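So the sequence lines, in the order shown, correspond to chains Z and W.
Quick note on the working numbering: the first sequence kicks off at 15 and runs consecutively.
Quick note on the working numbering: the second sequence kicks off at 128 and runs consecutively.
One should not assume that every hint holds.
What the hints assert, rightly or not - Listed next, the in silico SDA-like pairs over lysine to any residue satisfying Cα-Cα at most 20 angstroms (straight line): (1) W/Lys295 <-> Z/Lys128; (2) W/Lys226 <-> Z/Gly181; (3) Z/Lys200 <-> W/Asp299; (4) Z/Lys187 <-> Z/Ser24; (5) W/Lys210 <-> W/Pro229; (6) W/Lys271 <-> W/Arg178; (7) W/Lys295 <-> Z/Asp99; (8) W/Lys295 <-> Z/Ser263; (9) Z/Lys253 <-> Z/Ser263; (10) W/Lys323 <-> W/Leu385; (11) Z/Lys187 <-> W/Leu296; (12) Z/Lys200 <-> W/Ser297; (13) W/Lys295 <-> Z/Tyr198; (14) W/Lys371 <-> W/Tyr357; (15) Z/Lys187 <-> W/Lys371; (16) Z/Lys187 <-> W/Ser158; (17) Z/Lys200 <-> W/Ala316; (18) W/Lys226 <-> W/Ser158; (19) Z/Lys187 <-> W/Gly310; (20) Z/Lys147 <-> W/Lys323; (21) W/Lys295 <-> Z/Lys253; (22) Z/Lys200 <-> W/His294; (23) W/Lys226 <-> W/Phe393; (24) Z/Lys95 <-> Z/Lys128; (25) W/Lys264 <-> Z/Ala172; (26) Z/Lys187 <-> W/Asp300; (27) W/Lys295 <-> Z/Ser24; (28) W/Lys295 <-> Z/Gln173; (29) W/Lys295 <-> Z/Val113; (30) Z/Lys209 <-> W/Lys295; (31) Z/Lys128 <-> W/Lys264; (32) Z/Lys187 <-> W/Arg311; (33) Z/Lys128 <-> W/Val279; (34) W/Lys140 <-> Z/Ala172; (35) Z/Lys147 <-> W/Lys371; (36) W/Lys295 <-> Z/Leu67; (37) Z/Lys187 <-> W/Asp299; (38) Z/Lys187 <-> W/Ala316; (39) Z/Lys187 <-> W/Gln312.
These aren't lab readings, by the way, just hints derived from the structure by calculation.
Remember, predicted model here, so these are calculated numbers, not experimental data.
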Amino acid sequence: MSLIAISSDSYASGLDIARRTAAALGYGLVDRELLASVAAERGLPQEQLVQALEETPSFFGMRGRRQQELLVHIQAACLEKLREDNQVCYGLGAHLYLVGVSHALRVRVLADPKERLAETAAQRGLPPERAAKLLERQEQERRRWSQQFFQADEGDPAQYDMVLSLGNLEADKAVELIGDAAGYRKFQAMTYSRKCLQDKILAARVLEKLLPQFPDIRVQASDGTVVAQVQSLKRDQRKKQEAVRELASQVPGVNYVEVHVIRDYFGQAAQSGR
Amino acid sequence: MAIITISRGSYSKGREVAEKVAQRLGYQLVSRDVLIEASDRFHIPEVKLVRAIHDAPSILDRITHGKQCYIVYIRSALASRAKADNLVYHGLAGHLLLKGVPHVLKVRIIADLEARVAAEMQREDISAAEARSLLLKDDAERRKWTQTLYGVDPWDASLYDLVIHIHKLSVDDAVEFIVQAAGRQCFQATPASQRKMEDLALACQLKAELVKQDCFELGVTSEYGNVVVYVNKGGRHAYHLDAKLAALRAKLPEINHLEVREGLPFPPAAV
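Here chain Z stands alone, though its shape is the one from the complex (with noise of 0.2 angstroms):
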């Protein structure tokens, strides 16, 4: 009766992990197929939703702002369909957003570095030494991703129950110890971390309302109870408060909904210089 999020620093070692963890406790595998559904429903291109997975914001790349919505619309669906235990979600940057919710394992899985090392100078064919500035270089990335996003190092220890290395750890003994921990006590869901994973899948689901329109916008939510802070000049503080209370009121589950204001001095010195 947990869930288990897996990250890694290689895409294709983690999969393998994270399937033959589900397939070993009979857990459901949630994973990059949910796009799909994430696309069709919201009338998005996948292409897109595995770019915001993937890429840092560039100049020539994706912009910030857009790869945040998408983020957010991932991250509300991928919240919704862990509502059922037993879930193994790996791919979707869970780790980074189930953060409280204490029936939520939260392990990393390190690749063998030589294989890993290996594998990407053939798949790009390039020599050894290139490949391994080419791999600083993504594990650089990744984290100015996840720092950028969900202010927090991916691959900072701290942020995981534990960390795997499969460098001497054969997958099947991975397998085993990630297993054996997501079955104890502390792991196991109870009635606070439900809510606890409620209350991130009603802020998500306002996020992805609110956020194309107020992108400073920042939400928290609590038994139906919406917090939102949004940066405003003074003048069109009542507009913007009204504005989100009215957008946050239309998503199901919401209750009530306190809007905060946080002064926008840049806004305002811009304002009063023109």
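Got chain Z sorted already, so can you dock chain W onto it with the hints?
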């Protein structure tokens, strides 16, 4: 039949985990004993060795090779202990000091800063701010130590086989995981991996003896007792190395063959 190194921050419950693992497996528990052994063997006050393994080397140390010498002594003492197998070592950089030996299970135990602050407050009877500042300073010192001497970050999870966060997982859970992992085939000593351990111990011992005789900036490798000493160009004569090595060869009967290579880059496996 394995060697387990447990790397930990202060107040991360790593010591408790190590003690329980050693007890469960009936292994020898080693930490400060290594320093005492190094202190006895190389006639260095223990306090200097404690500082060497705790404080990052200063600029002066880098010139005088002060701390590096002590690390060489500590490494030699640890390697000779690890030769006997069935050992749990907890302390700084065990995974780096025993690098290259296949049957070493490298574990890191981490804990939440808040839990560590609470433990430090209770033990030292100080305020939360003081405890936090002490812990952060200690962490920074350890990070600097490892980065200066080994060029790696001790917080990098890829250096370990298993990283366990003591938060939702308890000390007993961590012990269970480590015991399970240590039972795997890949962490059992084989004749080949035991040979590597013995070679590492021999290389470390030779290097420690050379450092004791003021021979710095050299690398030592050993394979089946065939020892190669790497020195920078001109270093051989400056240290009067040949004479010193001849004396050491007589002292260390494990050496089958001894060779000095001058001006060649040190291989990564060299100690």
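| query | Which of the listed hints are broken here? | reply | Structure breaks hints 1, 8, 15, 16, 17, 20, 21, 24, 27, 31, 35, 36.
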